[in-house]
Each structure stands twice: as C-alpha cells, then as structure tokens.
Amino acid sequence: MARYYFKGIITSKKKESENVFSHTIFFEDNKILRKMKPGRFVMIWLPGCDEFPLSPLFYDITSSTMRLTFKIVGLGTKALASMNPGQAIFVRGPYGNGFAIPPITGLSREKPLLIVGGGVGIAPLLPLIHVITKNSLDLHVVCGFRSILDTFFVDEIYRFVGENLTITTDDGSMGIKGTAVNAVRELLKRKHFSYAFACGPEPMLFKLHKMLSYKGIPHQMLLERYVKCALGVCGSCVIDGFRLCKEGPVFDNTVLKRLSEFGCFKRLPSGIKEPIVDS
Amino acid sequence: MSLRVTIASLTLRHPIMLASGILGTTPSMLIKAYKSGASAVVTKSLTINPRNGNPNPVIVELRYGLLNAIGLANPGVENYLAECLEVKDDLSRIPIVFSIAGTKIEEYVEIARLISERGLGRALELNLSCPHVQETRLFTEDPKLAAQVVKSVCDVTSLPVFVKVGLSTNLIDVVNAVVKHGASAITAINSVRAMVIDINAKKPVLSSVYGGLSGPAIKPIALRVIYELYENFSIPLIGVGGITKWQDVVEFLMAGASAVQVGTAVYKRGFRVFKELVRGLQRYMEKEGLKDVRDLVGLAH
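In order, the protein sequence lines correspond to chains A and B.
Heads up: the first sequence begins at 1 in the working numbering, then just goes up one per residue.
Heads up: the second sequence begins at 1001 in the working numbering, then just goes up one per residue.
Heads up, some of the hints might be wrong.
Here chain A is said to cover these stretches of chain B; the calculated rule only asks that three of the stretch's residues, wherever they fall, bring their Cβ under 8 Å from a Cβ of chain A [as the list claims (entries may be wrong)]:
id, stretch
1, 1023-1035
2, 1064-1071
3, 1075-1085
4, 1139-1148
5, 1256-1267
6, 1290-1298
Subject to a maximum C-alpha distance of 27 Å in a straight line, what follows is the list of computed DSS-like cross-link-like pairs (lysine-lysine) [what the hints assert, rightly or not]:
id, chain 1, residue 1, chain 2, residue 2
7, B, 1268, A, 37
8, A, 189, A, 210
9, B, 1245, A, 13
To be clear, the hints were calculated from the coordinates, so they are not data collected in a lab.
Computed from a predicted structure; not experimentally measured.
By construction, the Cβ of each residue, glycine as well, lies at the ideal position given by its N, Cα and C atoms.
Kindly produce the complete structure, drawing on both the sequences and the hints.
Below, the structure written as structure tokens:
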C-alpha cells in the first residue's frame, strides 16, 4: 500500500487562550511517534487547504497519541482550529534535529538548568521540561506572555517545577510585569545556570542569546522559519548556510553566534530576505 | 589523472555539478554546495518578479525519488542578485550557472541582461521545461519558440547559454532549433510530470495535483535522452536525472554527457554526495587505466 502520510484522528480539542488551541491526535499506526524527540517537528496536511510545520508538545507511544498546540497565524492553523474530534488530519515526519539532551544528563542538582519560553514557543518546550525533570535536575522555567488572557500551560509547568516557575506578562496582569528577557536578566544575577534552552519570538531569543553568551552559559534555541519541503531540498528555510529542517530547528550557541541572519532576517515564501521586526 | 572538463567557456575541476532547484534559493547554500565538492552550482530558476510558488504540500517522498511542485518559488532576479552582491567575493571564486525561467521571451531576455551586467555568473541555463509551470513548458514543446528565446537571449549576453530540456515528443526538433540559434550546451532532462494520490486522504497530495518526478526513477529515461542527443548533435551535453552513485556518473559520461548535475541525491545522501561521486569516478578511472575523464565521454557509442 502506498502511504505518504500517517492518518491521525482528533480525539479532543481545547481552547488554551484567545488564539491558541490544542488538539490531541490518535494514530492507528504509531510509527511516527517512535521517532519523536523534544524539538523535532511534523508537517500537518489538511487536504485541499494547507500543509505546515508544528512541534508537538506531547507524544506517547502507549496511547498512540500526539498533542499539538498552535496559534492561529494563517489559513492552515485557522482551519485546524476549526476542526473537531472525529475529524482526520494527515501527518508526515518527524523532521529536524530536536534538542540535544545528552550533554546535561550527568549534571547534578547543584548545577541548575534554565528553560525560557515566549508565547506559543512554550509548547515545544513541554516535552523537554518533562524529560529533564524526570532526571530530577534543578530546573528553572521562565514563561513570557503578553497578558493574562494569553497564558496557557501555567498549571502544567507548575506541576513539574513548582516555585521554580517564573511567569511574566507585558502588562503585569499575571506574574512579573515585563518580558521573559527581563526576568532572566534578574535571575542570572542570583543564580548560575549551567545550561539553557529557549523557544519563542526571535527578537526574544536573540536578546537571550547575547545575554547567555556574555555570561558564558551554553544554550540551545529552537528557531522558526518558513518550511516548504521539510526534506532539505527546497531551501526555503535556510538561515545563512544552515537548513532549519535538517541542521535545525534547534541550534546551539556555537552555531547561533555564526548566524548573521539570526534575530535580523527571515525569508518570505519566495525566498526574499525580510527584516525581523521586534513588536 | 585529469578530471577537468570544459563546457563552452566553462572549465570545471570535475564533471559533477549541483542541479538547479536544489537549495539554490540562497547564495549561502550555493557556497556550501561548492565547498562540499560540487564543481559548479546552478541557481534556483530566477524569474523577473518574485514568486511564492505553489501552496503546500509541494513535495512527496517516494521510494525511488521525489515528486515536487515547488512552482518556481524564487525571490526574483533583482532581489537574488542584490543578495549575491553581498557575498560577491566568495561567489566570484565559484562557477555559478544562473538558471532563468519566464513566461515570455522578453522576460528571459531581461533576466539574462541583468545577470550579465552584474558580472556574477559564468553561464546561463534557460529552464524551458519546468514540468509544473504551464507557461514554461510551452517553450519546450515548440521548436520555433525555443529557438526564438535562445536567439534573443544570446543577443544580449556574452555568457554561454545552456538550454535545459525536458521530455517531449519533439525533443530532437527542439534541440536542433536551439543549437542552430546559439545554445552552447544542452542540459537534459528536467523532472518528469507525474502525480501521487494518498489513498487515506483520497486526494492527490500536491496542491497543484501534478509535479515533477526526479531521482533514480527517471535515470534510465535521462540516460536514454543523453545517448540519443549524443548520436544526433555535437554540442556539449550535461546529464541530469537520478544520478545517485558514481556508477551513474560513469554511465552518463559514456552515454555522451560532458558533465552531470546532481539534485535529488543531495536529499538522500547529504552534501557529502559530491565528494563520494568524485572519489568513485577517480577509482574507476584508476582501475580502467584512464588518464583523462574526457576519454569516457561517449565511450558507449
């Protein structure tokens, strides 16, 4: 039988915040779940509509399910948000390298780790938080949102790290008023982290990268680019000489510092280089 | 042992080039492909205006190749050239072939003129055969139109003009026409119009339904075309279509290609494929006691 995609059935749907939705997807064939790891991504195909990349926040072979959390940004995510339990979606992948966990597994409680997420960028960090806390390491998590209306996963993450969770909102409607970057700056004054991971809007990541590099803290960040083929051939997701779908989407600090486009430019579907605006 | 080959005024360190459409949307990837071992790199086909290409999905992985319908997504010639100029020093050391696509003869001419003026490329490759863009395909079906576009482009450039042809019933007539009107080499073949249906979704996978099949699935067809063109013409030929192993390179050279282009194999085996192919070719030549790679060209005739 020729099969190009894995068929998944939506089993539950949740509105996480104003524009953010979660779907749990059941797969009869769980092969796609076996190759998942934190930070890798899958391509979601909605026939007749669109295909786009998403990084699952949960995947489990036993229950043969995957949970996808996404923000409505275009036609595809809008259509996905309007879908309901019982409907089918088609998935290929996973693609990309994902977060590299091995360099930190040997660390002890005395060497704390930091995870920073901004907005919907928090979703792909959930499996990482899960893996790290399983090894009972000292983990601090900073999540930044625009306002209390945009928050999600706060309770889930609190269950993992307790008081080590810092929430920030731009308008101060929940947690500390300010950005995740501000909160990390304060945290770095008090604590020495041995390693950091981050995902979120690129201006935030760029500022974090500068800050962490200055402090000599090695880190990995999950970047986002326009993805067409996800196979490393079309070149739509290239950042300098690196393909997001092959060499990324997670890059470590040694690569990040070599990327002249990081924090400055992204590419439109045509490949035109466009400045990244810090909104 | 010499692996050097010459195609018109283009001298290459060995016969294995990067094909158009693979990673050529950004100059940074062209530089990477050259540093990884390609002897020359061909850009993504450039059009006069930026093109977003087709909506996703635009690609399907198959056991014997890839089916793609990217739809000539590219930043447009001016934006691309501007980006090339940012890394002009690096690019000037690399043999770059600029691939051009258009919907009218005037567009091919204008793009060729702009590229030639900036002095960045070593050759032009006219894409007359993109299998999933209807307007481009017209040129490869009509010998008169193909001849006209080649003649008009040759009038505005001093760069060698390669013509990339696809499968068509009147291929010999098309090649005959473009050779008479100034083509310096023929690149054959483009990907082959094809489709797939996902039986669970019960729909064609590609948003544009049809796409171009590349990879090992089309190799015997591409090889046949090169063999046939070598029998009929004395113009340099560049073979492309499913070259994955060094044995494929040898086959294409023996069929009559002076050089080959590699595309889908970069997806299968990564950038290391160029060095692996060159190494395999070298070993074969050593074993066969061949001193010059040009001695292989057309050997099977």
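Evaluation of the provided hints:
1. 1023-1035: holds (count 8)
2. 1064-1071: Per the Cβ count (3), the hint holds.
3. 1075-1085: holds (count 5)
4. 1139-1148: violated (count 0)
5. 1256-1267: holds (count 4)
6. 1290-1298: Violated: only 0 residues of the stretch 1290-1298 of chain B have a Cβ under 8 Å from chain A.
7. B:1268 / A:37: It holds: about 22 Å lies between the C-alpha atoms, which stays within 27 Å.
8. A:189 / A:210: 15 Å, holds
9. B:1245 / A:13: At roughly 48 Å apart (the allowed maximum being 27 Å), residue 13 of chain A and residue 1245 of chain B break the hint.
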